[in-house]
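Starting from the known structure of chain A, fit chain B onto it as the hints suggest.
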Amino acid sequence: MTTILLIMLIWRLAFAVQAISAIPEARVSLTPVYLSSQQRDAKLKLAAPAAIAIGGSGNVYVFDDGNSRIVKLDPRGKFIAEFGRSDSGPGAVRPGGLNDSMAVDQDENVYVNDPGTPKVLIFGSDGRFQRSFRLPFPSTSIAVNRKHEIFLTPDTSRSTELIYVFSDTGKFLRRFGERLIKSPGNLARNLNIAIAACDANDNLFVAFRSWPLIRKYSPDGRLISENQFTIPSELIGESQRKNYSLEFFAKYPDAAFMPPIITHSISINARGIGYLLLNAHSIVIFAPAGTVTRQFHFRAPRDRENVFIRLVASLTAQAPTYFLDTRSGEIYEARKL
Amino acid sequence: MKIMLIKLTLLLTVTSFFIGCHFSTASPTRAFKESFAQVKIYATNGDKEPIPLVNGLTIVNLFDEFSIGCPTGNRFETMERLNSLQPSGTIFLIFSDKHFSTQDVDNFKAILPMRESLVQGDIERVRPYLTSGKLLVVLDSKRNVIWYEKPGMSEQQVMSQVADVIH
Chain A
3 MTTILLIMLI
13 WRLAFAVQAI
23 SAIPEARVSL
33 TPVYLSSQQR
43 DAKLKLAAPA
53 AIAIGGSGNV
63 YVFDDGNSRI
73 VKLDPRGKFI
83 AEFGRSDSGP
93 GAVRPGGLND
103 SMAVDQDENV
113 YVNDPGTPKV
123 LIFGSDGRFQ
133 RSFRLPFPST
143 SIAVNRKHEI
153 FLTPDTSRST
163 ELIYVFSDTG
173 KFLRRFGERL
183 IKSPGNLARN
193 LNIAIAACDA
203 NDNLFVAFRS
213 WPLIRKYSPD
223 GRLISENQFT
233 IPSELIGESQ
243 RKNYSLEFFA
253 KYPDAAFMPP
263 IITHSISINA
273 RGIGYLLLNA
283 HSIVIFAPAG
293 TVTRQFHFRA
303 PRDRENVFIR
313 LVASLTAQAP
323 TYFLDTRSGE
333 IYEARKL
Chain B
8 MKIMLIKLTL
18 LLTVTSFFIG
28 CHFSTASPTR
38 AFKESFAQVK
48 IYATNGDKEP
58 IPLVNGLTIV
68 NLFDEFSIGC
78 PTGNRFETME
88 RLNSLQPSGT
98 IFLIFSDKHF
108 STQDVDNFKA
118 ILPMRESLVQ
128 GDIERVRPYL
138 TSGKLLVVLD
148 SKRNVIWYEK
158 PGMSEQQVMS
168 QVADVIH
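The listed protein sequences correspond, in order, to chains A and B. In my numbering, each number is its position in the first sequence, counted from 1, plus 2. In my numbering, each number is its position in the second sequence, counted from 1, plus 7.
If we strip away everything but chain A, and leave its shape as in the complex, we get:
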């Protein structure tokens, strides 16, 4: 009995204390696809782009936050079209910074999460605005499955579920998933900020912006797995480490603690391999089951001048993986990760 209790205690402690360590360096070959600064036409310049998605045809969609529009590029980075508006009329998209997100379904309809208003806007593959629906609170991420169900991760201090699901006509369908911190509160709100991506089988993968965890949910919202990864040591300061535990957050859900930004984006490729792009250029690779298989730090082409906030893989086998730099408006592709 004592042994069992001891094992449980060790297990509990192991879970409570997060692995924080230096991450090994690996080389990633990044080829520029779109360099905003080299575009002569003002229309082609991106201003603080905040989200990126890939369509089934390989076309690349960029949420050009500073210009309140969506830019459509071909796989080689050639400008195809722009859509969205900056006014307050239908189809208007507003800047939402890091919380901007976008998803493209298999028919290449474009789903834009506009956290500023907050609402979801849906554009057809031709860029024509189709419809929008309102949300009672902002969302930090959007994903869409093959059934055109829309998955949103709410950004609220309210005690509620982790994922909200809507139909593509905007009807609320269901919600599921346990938040990291169930109590209401502003710190709990920050800790529960999540990002989500669907795989080709409609499973949903969820990661947290400030906690090193990957969850896999079945299409009907059942938790299948939960796996941790290592926090790169440079992402969490000494002063933050003291209180960086779920026990502390659960006890003080309104505490004035600024959690570190760890994870920027999540994406799944055609083979079900998942990627997390972490802050300060680290990547976590996870298997279709959600287990972490590799984690490494990579050097950006222009080193610290690049600020990559989004990595997007494609559910289509042919497409490369893209990296979006929000500071310079640069897009790079990686053929192999």
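These are calculated hints, taken from the structure and not from any lab test. Note that the Cβ used here is the ideal one computed from N, Cα and C, for glycine as well. Warning: the hint list may mix true and false statements.
As a list, the in silico DSS-like pairs of lysine-lysine whose alpha-carbon atoms are at most 27 Å apart [stated by the list, open to error]:
id	chain 1	residue 1	chain 2	residue 2
1	B	Lys116	B	Lys141
2	B	Lys55	A	Lys173
3	B	Lys116	A	Lys149
4	B	Lys105	A	Lys173
5	B	Lys141	A	Lys173
6	B	Lys116	B	Lys105
7	A	Lys173	B	Lys47
Listing some non-contacts, in silico: residues in chain A with all C-beta distances to chain B over 12 Å [said to hold, decoys possible]:
id	residue
8	Ala44
9	Ala50
10	Arg78
11	Glu84
12	Gln108
13	Asp128
14	Gly129
15	Arg148
16	Gly223
17	Ile238
18	Glu249
19	Lys253
20	Phe298
21	Asn308
22	Glu335
Just chain B now, kept in the frame of chain A:
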């Protein structure tokens, strides 16, 4: 004589100041009351009807376009806290028909607490009085506006002042 003249001038100045204050605040209030009387909510059959009268107070929050930085979530929480005080009367959260569809409001009913209080309405006439896309008003049993949110009020101020009105 000179002192009398100064006193008279002061009296006139003070009097005119108060009269000025009175009229400058009374006029918008009257206009506001008239505008607010035009607020309509949608009945289940789709007809527009005035905010129903109840015994006790009616606490109404109007929502128009959610603007960036608008503490919408905080307002929802304020309304829930007011509801938990169990005011004698009723609470309405009215979402403008211009910026919220019927489905939006149905979704909100499915997602948020106080589902019976959420309705769609025509709030066009009071749009100029909204601050950051919202406005909280308290009516008495005769539909008289007895309190309304002023521009720049914090959620704490709204909460404490309405709580005082309720009690």
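A quick look at each hint next to the structure:
1. B:Lys116 with B:Lys141: Distance ~18 Å between Lys116 (chain B) and Lys141 (chain B) Cα, so the pair holds.
2. B:Lys55 with A:Lys173: The hint holds at about 24 Å.
3. B:Lys116 with A:Lys149: holds, 24 Å
4. B:Lys105 with A:Lys173: holds, 18 Å
5. B:Lys141 with A:Lys173: holds, 24 Å
6. B:Lys116 with B:Lys105: holds, 18 Å
7. A:Lys173 with B:Lys47: Answer holds: Lys173 (chain A) to Lys47 (chain B) is near 25 Å, not above 27 Å.
8. Ala44: holds, 25 Å
9. Ala50: About 15 Å separates Ala50 (chain A) from the closest Cβ of chain B, which puts it past 12 Å; holds.
10. Arg78: holds, 35 Å
11. Glu84: Holds, because the least Cβ-Cβ distance between Glu84 (chain A) and chain B comes to about 21 Å, which exceeds 12 Å.
12. Gln108: holds, 24 Å
13. Asp128: holds, 23 Å
14. Gly129: holds, 22 Å
15. Arg148: holds, 23 Å
16. Gly223: It holds; Gly223 (chain A) is separated from chain B by about 16 Å at its closest Cβ, greater than 12 Å.
17. Ile238: holds, 28 Å
18. Glu249: holds, 26 Å
19. Lys253: The claim stands: Lys253 (chain A) keeps its Cβ more than 12 Å from every Cβ of chain B (closest is about 21 Å).
20. Phe298: Answer for Phe298 (chain A): holds, closest chain B Cβ roughly 37 Å.
21. Asn308: holds, 28 Å
22. Glu335: holds, 33 Å
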